[in-house]
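*Asks:* Given the coordinates of chain A, assemble chain B onto it according to the supplied hints.
Line by line, the protein sequences give chains A and B.
Counting from 1, one number per residue, gives the positions in the first sequence under our numbering.
Counting from 1, one number per residue, gives the positions in the second sequence under our numbering.
These are computed hints drawn from the structure, not numbers from a lab.
Hints should not be assumed to be uniformly reliable.
Simulated crosslink set (DSSO-like; lysine-lysine; CA at most 30 Å straight-line) [stated by the list, open to error]:
no., chain 1, residue 1, chain 2, residue 2
1, A, K168, B, K420
2, B, K168, A, K34
3, A, K168, B, K59
4, B, K168, A, K420
5, B, K34, A, K168
6, A, K168, B, K27
7, A, K59, B, K168
8, B, K168, A, K27
9, A, K34, A, K11
2 protein chains.
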Amino acid sequence: METLSSEEYFKVQKRALLRELNYVWQKSRFYQEKFGREGIELGDIKEIDDLEKLPFTEKHEIRESLNVAPPLGKHASVDIGNVIRVYSTSGTTGNPTYIGLTFHDRDVWRETAMRAMWACGMRPRHIVPLPIGTFFIAASYGEAIENLGSTLIPVGVGATDRLIGAVKNLGANFILSTTSFPLYLITYCQKKGIDPKTLGVRGFMVGGEPGGGIPHIRQKIEDAYGANVQECMGNGDMLGLMWAECEYKNGMHFVGQGACHPEIIDPTTGDVLEVKEGLKGELVYTSIDRECQPLIRFRTRDHVVVTQTTCECGRTGYCIKCIGRTDDMLIVSGVNVYPSAIRDVVGTLVPKVTGEILIQLVEPPPSVQPPMKIKVEHGQDPGDLRSLKNEIGKLLREKLIFNSDVELVPPGTLPKYEYKAKLVDKDYET
Amino acid sequence: METLSSEEYFKVQKRALLRELNYVWQKSRFYQEKFGREGIELGDIKEIDDLEKLPFTEKHEIRESLNVAPPLGKHASVDIGNVIRVYSTSGTTGNPTYIGLTFHDRDVWRETAMRAMWACGMRPRHIVPLPIGTFFIAASYGEAIENLGSTLIPVGVGATDRLIGAVKNLGANFILSTTSFPLYLITYCQKKGIDPKTLGVRGFMVGGEPGGGIPHIRQKIEDAYGANVQECMGNGDMLGLMWAECEYKNGMHFVGQGACHPEIIDPTTGDVLEVKEGLKGELVYTSIDRECQPLIRFRTRDHVVVTQTTCECGRTGYCIKCIGRTDDMLIVSGVNVYPSAIRDVVGTLVPKVTGEILIQLVEPPPSVQPPMKIKVEHGQDPGDLRSLKNEIGKLLREKLIFNSDVELVPPGTLPKYEYKAKLVDKDYET
Chain A
1 METLSSEEYF
11 KVQKRALLRE
21 LNYVWQKSRF
31 YQEKFGREGI
41 ELGDIKEIDD
51 LEKLPFTEKH
61 EIRESLNVAP
71 PLGKHASVDI
81 GNVIRVYSTS
91 GTTGNPTYIG
101 LTFHDRDVWR
111 ETAMRAMWAC
121 GMRPRHIVPL
131 PIGTFFIAAS
141 YGEAIENLGS
151 TLIPVGVGAT
161 DRLIGAVKNL
171 GANFILSTTS
181 FPLYLITYCQ
191 KKGIDPKTLG
201 VRGFMVGGEP
211 GGGIPHIRQK
221 IEDAYGANVQ
231 ECMGNGDMLG
241 LMWAECEYKN
251 GMHFVGQGAC
261 HPEIIDPTTG
271 DVLEVKEGLK
281 GELVYTSIDR
291 ECQPLIRFRT
301 RDHVVVTQTT
311 CECGRTGYCI
321 KCIGRTDDML
331 IVSGVNVYPS
341 AIRDVVGTLV
351 PKVTGEILIQ
361 LVEPPPSVQP
371 PMKIKVEHGQ
381 DPGDLRSLKN
391 EIGKLLREKL
401 IFNSDVELVP
411 PGTLPKYEYK
421 AKLVDKDYET
Chain B
1 METLSSEEYF
11 KVQKRALLRE
21 LNYVWQKSRF
31 YQEKFGREGI
41 ELGDIKEIDD
51 LEKLPFTEKH
61 EIRESLNVAP
71 PLGKHASVDI
81 GNVIRVYSTS
91 GTTGNPTYIG
101 LTFHDRDVWR
111 ETAMRAMWAC
121 GMRPRHIVPL
131 PIGTFFIAAS
141 YGEAIENLGS
151 TLIPVGVGAT
161 DRLIGAVKNL
171 GANFILSTTS
181 FPLYLITYCQ
191 KKGIDPKTLG
201 VRGFMVGGEP
211 GGGIPHIRQK
221 IEDAYGANVQ
231 ECMGNGDMLG
241 LMWAECEYKN
251 GMHFVGQGAC
261 HPEIIDPTTG
271 DVLEVKEGLK
281 GELVYTSIDR
291 ECQPLIRFRT
301 RDHVVVTQTT
311 CECGRTGYCI
321 KCIGRTDDML
331 IVSGVNVYPS
341 AIRDVVGTLV
351 PKVTGEILIQ
361 LVEPPPSVQP
371 PMKIKVEHGQ
381 DPGDLRSLKN
391 EIGKLLREKL
401 IFNSDVELVP
411 PGTLPKYEYK
421 AKLVDKDYET
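Isolated chain A, as found in the complex:
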């Protein structure tokens, strides 16, 4: 599926889309009402391009749908009796979002996760600890690892000793985790007097947050372990994994063919943008093979840039990098700024800085009154601190067009995160 020609791809996606829409029109009360209100009929959609006629589905609609029709929402197309597993999203505000999988959905999630793992270099000989809790979509990762023929070692969050034991005793050599985890593990090893290189880990497959695609972060991990780092991405509401970097490491290929149809839109106008190198926009997903909770044109709030549309590896899905999320986005004097982009820019100054940053918000986001207060860890030999501070300020002004107030702090001062990194500190009262 990953090497389909453009023609074959659109044929596959179209056939799956039309079948799914037919299903949704029959089974999903949410979409029956939503499309009914807009006067849209099933017959209006004949081609992939006709998707533009359908309205977006927003995250808050999903929440409302879950509230009015518990347990799985008005957008669920099956009864909970047909569901074999229910995930809950990790602690966000308000009630958790429940995501149900039927037997078929589980197989689809597993299939695209296996494609992503293969792209990221996972092979049957690998022994793969999973330092993520399986109450969330990571359970589907575990199954995919097993079905690929690799050896799964379930570890869970907060059990770094167990993971180190698995590396030492079982020869674990490929780790699937958040991007923060290998960074955290470097610090952990330093404290224990272990050189990360001696662990024998050959590869990291990282995701769950921007960072794996930021050059200085990837470099730091690769250098510390003498291991390869490739990035992957999925979406809890849609599909566990459907983007993955191949060995050329030039952004994440789409590998969710037949299961999901992605569009890239202008986040302001909602217009669908034509995929080409350098394109920036928001990802929108449409389920094309989902039984439990199919979503049509689901706005992810993930902002991405298209890095390439062809690749030597033979995969035909275009490649993206994730820049950040709408929810994380800050607006400084009318300019959109992502915390991960600030980390990216500051990181180009490694080793004068460690690459760790912490943004101090004094008022609720997204609007920030300049100068934006940012703590930056300087490196071991930073030279003159005053000129380093000026250099960082100048670089941020040049690259991201905002004024900053940088406070330099010694290396190791800023918190490290085992699960996902927090780049923003909220200093205001709520």
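*Replies:* Just chain B now, kept in the frame of chain A:
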């Protein structure tokens, strides 16, 4: 498989045993050496009864085997490349024990777990939160729940809020957990001002520690939730689940037909005892359908009593209750006493006591100088404390033949455990 006649059962077990022994003789370095030392040949074993000719496998041998031949031990019969999942035993002393499963092993574990779940009353309509971490054998429980057609909600240890959310929002109505968990949840609900009865939980399937079979504990849970409690048991080294109580609740039926052959031995002489009602002894397991780490005559240290050999439910496997483990056993003036038995006896005095106890050891076990110091929670209206203390002492002397020094403490004083109960407090220096 659960309703095989005695003749069919022995035919199934014999065929599987002979096939497994043939496999072990060819593939397991550990058993090649062990049997070779004893001068035993494969041809010596022709019948189930011939199993007695084979030596026991002790837990310490497994540990040594893992040490000399990491990662899976000399007793492993396949290379780690053929293993799809590796569990590690939870924090015992020393290195963790690693348990590997091949695809086939996973299917076998799942199959007997499904039989156990069905026996304990789990049905496809049930929505089942699993408050156990899936890094251990509980992962196989999760798969069995799904394959039974029930709805799995992975929760994990220490996420009681998530579990309560699943009960309220998803209508979760059947909980698989340690025996301690529903007891802990009663206290948790009281603190939150929730009447456990309003949760709507219809059944608990409990195991992992003695307790589910102790009448006053079962009664306490059943009364608090208005729910049914049935007990199950497996063994981390052998098979995730292979004993389960049916609706008649008269001990746990053997449901591991074709996967495991259990024997009950005299723990002192090692003689195999004939299974009949009232028999007490130690469980010994032999793998008869295991690829990765087959174990022959594995001494479990689990001490059991046979509660019945026929049952109205139609299952033909005999029934047991677990009395305790050798590792937990205390010896008072030459008499074997299990902490769980003390809890059982004291519990007969509910509501004058709450049923919670804590044994205070002043010297390392197993030998205890009488009187044994025991803290016992008295009930809300205990009457005269002095005469209650005497009553408990007299009862323990009568039933368990040892002298105690009972300290009565107010209800709610002794610690509650979310995962597994600790009945013994070590007051000595190590």
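*Asks:* Does the structure break any of the earlier hints, and which numbers would those be?
*Replies:* The structure breaks none of the hints.
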